[in-house]
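A.B. asks: What follows is the residue order along each chain.
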Amino acid sequence: MFISETMEANTILRYSLQLAMLSKLLSNELINRFEYEKIRSKLMEKYNVISEISIQSIPHYGVKSTMVDTHSEVKENENS
Amino acid sequence: MKTVEVIKGQGPVGRRGLGRKIERLRVAAYCRVSTDSEDQLSSYKSQVQHYTELIKSTNEWVFSGIYADEAITGTQTKNREDFQRLINDCMNGEIDLVVTKSISRFARNTLDTLRYVRMLKEKNVAVFFEEENINTLTMDGELLLVILSSVAQQEVENISANVKKGLRMKMQRGEIVGFQGCLGYDYHPEDKSLTVNEDEAQIVRYIFQRYNEGAGCTIIGNELKTLGYTTKHGHIEWPASTVINIIKNEKYKGDLLLGKTFTVDPISKRRLVNFGEEDKFYIKGHHDPIVSEEVFAKAQEILAKRGYPRRLNPDGKREKYSRKYAFSSLLQCGFCDTTLSRRSWHAGARHKKLIWQCTLATKKGKKYCPESKGIEEGIVEEAFLEAYKLLCGNDKSIVDDFLALAEETLTEANVEKIISRTERDLVAAENKKSKLIDLRLEGTIDDDAFSSKLFDLDNNIDTLKSTLNDLSVTKNQQDDLRSRILGFKAILESNQVLEKFDRYVFESIVEKVVIGGYEEGGTPDPGLITFVFKTGYKQKLHKNNYGIVRRQFDQDGNAILPSSSSQTESFSASSYASANTYRDGGIDVENQRIKGKKNLVL
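Each protein sequence line maps, in turn, to chains A and B. If you count the first sequence from 1, position 78 lands on 78 in our numbering, and the numbers rise without skipping. If you count the second sequence from 1, position 283 lands on 283 in our numbering, and the numbers rise without skipping.
One or more of the hints may lead you astray.
Restricting the straight-line Cα-Cα distance to at most 30 Å, the calculated cross-link-like pairs of lysine-lysine (DSSO-like) are [claimed, not checked]:
#1 B:Lys500 / A:Lys42
#2 A:Lys42 / B:Lys260
#3 B:Lys465 / A:Lys38
#4 A:Lys46 / B:Lys417
#5 A:Lys46 / B:Lys284
#6 A:Lys46 / B:Lys475
#7 B:Lys352 / A:Lys46
#8 B:Lys389 / A:Lys38
#9 A:Lys42 / B:Lys475
#10 B:Lys417 / A:Lys38
#11 A:Lys42 / B:Lys269
#12 B:Lys475 / A:Lys38
#13 A:Lys42 / B:Lys253
#14 B:Lys324 / A:Lys46
#15 B:Lys305 / B:Lys248
#16 B:Lys465 / A:Lys42
#17 B:Lys170 / A:Lys42
#18 B:Lys512 / A:Lys38
#19 B:Lys269 / B:Lys280
#20 B:Lys260 / B:Lys232
#21 A:Lys46 / B:Lys123
#22 B:Lys489 / A:Lys38
#23 A:Lys46 / B:Lys253
#24 B:Lys389 / A:Lys42
#25 B:Lys396 / B:Lys417
#26 B:Lys248 / B:Lys170
#27 B:Lys500 / A:Lys46
#28 B:Lys8 / B:Lys123
#29 A:Lys46 / B:Lys8
#30 A:Lys38 / B:Lys248
#31 B:Lys324 / A:Lys42
#32 A:Lys46 / B:Lys538
#33 B:Lys164 / A:Lys42
#34 B:Lys253 / A:Lys38
#35 A:Lys42 / B:Lys225
#36 B:Lys512 / A:Lys42
#37 A:Lys38 / B:Lys260
#38 B:Lys280 / A:Lys38
#39 B:Lys475 / B:Lys417
#40 A:Lys38 / B:Lys396
Just so you know, the hints here were simulated from the structure itself, not pulled from any lab data. Predicted model only: the values in this text are computed from it and were never measured.
From just these sequences and the hints, can you work out the full model?
C.D. replies: As structure tokens, this is what we get:
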């Protein structure tokens, strides 16, 4: 069993969030592609990720399910 | 009783079939040795000399030539060019007698011996086996010939069994058997060791990296061709099978598997893949690995997923696994569990839409999944951004952690060193150019060579100049690193963490997205979007909340597609990365090579 397979939910989330931050820096042109790739590979190295698709899911026990229905909220607001 | 008059036979009355009497036989000799060892070569030369002298010194014989095959086995005839030539000449009536040392020299295969002897006999061509003293035209029946040729065949079978035993013992000792080297490794036959060839190893690492990112073998092959790499044998084409064999090869993780194939029998020499018919030998840590065990295992996992046989699926359908688009194989129908496929509605028209739709409904018919409906790609992207925002808390420590890593990485990139190296390279290239011009003026090189070399040098100089330019910009930015990091912090702490769809982020956190489903009362709702995250959470959203904005059109009247549909940019981490590579992982395949490119991280 590899580390990437046993990554805790928190670790997966931290990795994903930091990747999102990196993406945000790139889209805001605060870093160039060279720097983006360098930081991304550092991130992957740090979290022991081989590739994004290979990150294994945590077994779905005790799933917290959230239904966000902003549509009905909009309707309610319109009615009031 | 009637009387029977016996008309006495007079023995042979002339050669049948030819209608002519031959005074002197046209004789040819056939010689063969099976290996190119010193002893065998001298035996071969002796055979040739002996038969040349023998035929020439016999008065009744006319010398018709020596046919000889060197270092070729007698178990098959197809590779024995001179043997085939001999048979052809015999069939053309140019030879009356073939002399050979023994049956084993003629053929090591009983069937071949009989076949050719019979064929020649029909044409009245005799074969004389010197050691056994058999002339095929005068022998009484074929019994002796069959027995002796079977003995010759048995001999070769015994040799083969001994060789096999020897190879098996070598394998047991962990010695490499039957290996000629593979991409990424140099093989040294003198000590039978493998060493990493760093240039080729880069290609191997690239193949594994791209495969683990989801690219298929054909795509990787095309990329390698575009990058200008050649295979181990120097071919520019990279067929999918070459790439897949690299992915499967355990040597890249430092191990060695011996006995992957086996020979069925020494006569047909048919080689088959060893599915367990014979022993295999696995040696762990035999040599230096090129990729880590984890990378290799991940690649095997993807390979197994993609190659899962159709017959093993309970419904007999093939599970297709694709990573062409960000949503490929990740969107699932909430009614029939089939994956969704990407379709284009109103293609070529002003109202073009990119839709993900249940494959069962589109391929088999709507009646098989009546509740499902197509969903726009842009809506799924928007919904993901929303779900992601809800999933992520407001943990400041993550931002600090990220900024520390970014600062460390950006400091590490020692631009000054790279700049001085590039400047040196530029000076060297310019010196080369001026020398080349001198050579041309002196008339030492011709016009064609001059033009081609000048073109290469000019290209190189241009590339170096542009790299130098980029590097000096980066250097200026580095000087101001602290203020840059502060700028990063300000941006990251303001607004939402993900403003635009990003494929990497999507893949890192989403296990699958279920489109459609049933409400609590059991009413089907095709607009439900359920994100199943890798962290173990689910997030349910509704498509009616997204995509309400009116469609935008550009000046030419074409619909502006969602960000994920960009096909022109060479790099985009959105759901459709580029037309050429499907997901280029930030690598501009058209313009960059892996080796020697400083701004490419592998």
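A.B. asks: Hints first: check each against the structure and report whether it holds.
C.D. replies: Taking the hints in turn, this is what the structure says about them:
no.	hint	in the structure
1	B:Lys500 / A:Lys42	holds (22 Å)
2	A:Lys42 / B:Lys260	violated (38 Å)
3	B:Lys465 / A:Lys38	holds (22 Å)
4	A:Lys46 / B:Lys417	holds (26 Å)
5	A:Lys46 / B:Lys284	holds (27 Å)
6	A:Lys46 / B:Lys475	holds (26 Å)
7	B:Lys352 / A:Lys46	violated (42 Å)
8	B:Lys389 / A:Lys38	holds (26 Å)
9	A:Lys42 / B:Lys475	holds (20 Å)
10	B:Lys417 / A:Lys38	holds (17 Å)
11	A:Lys42 / B:Lys269	violated (52 Å)
12	B:Lys475 / A:Lys38	holds (16 Å)
13	A:Lys42 / B:Lys253	holds (22 Å)
14	B:Lys324 / A:Lys46	holds (27 Å)
15	B:Lys305 / B:Lys248	holds (14 Å)
16	B:Lys465 / A:Lys42	holds (28 Å)
17	B:Lys170 / A:Lys42	violated (43 Å)
18	B:Lys512 / A:Lys38	holds (28 Å)
19	B:Lys269 / B:Lys280	holds (19 Å)
20	B:Lys260 / B:Lys232	holds (20 Å)
21	A:Lys46 / B:Lys123	violated (81 Å)
22	B:Lys489 / A:Lys38	holds (19 Å)
23	A:Lys46 / B:Lys253	holds (21 Å)
24	B:Lys389 / A:Lys42	holds (24 Å)
25	B:Lys396 / B:Lys417	violated (35 Å)
26	B:Lys248 / B:Lys170	holds (24 Å)
27	B:Lys500 / A:Lys46	holds (25 Å)
28	B:Lys8 / B:Lys123	holds (27 Å)
29	A:Lys46 / B:Lys8	violated (104 Å)
30	A:Lys38 / B:Lys248	holds (29 Å)
31	B:Lys324 / A:Lys42	holds (25 Å)
32	A:Lys46 / B:Lys538	holds (27 Å)
33	B:Lys164 / A:Lys42	violated (50 Å)
34	B:Lys253 / A:Lys38	holds (25 Å)
35	A:Lys42 / B:Lys225	holds (28 Å)
36	B:Lys512 / A:Lys42	holds (26 Å)
37	A:Lys38 / B:Lys260	violated (40 Å)
38	B:Lys280 / A:Lys38	violated (42 Å)
39	B:Lys475 / B:Lys417	holds (11 Å)
40	A:Lys38 / B:Lys396	holds (23 Å)
In this structure, the earlier hints numbered 2, 7, 11, 17, 21, 25, 29, 33, 37, 38 are contradicted, and the remaining ones agree with it.
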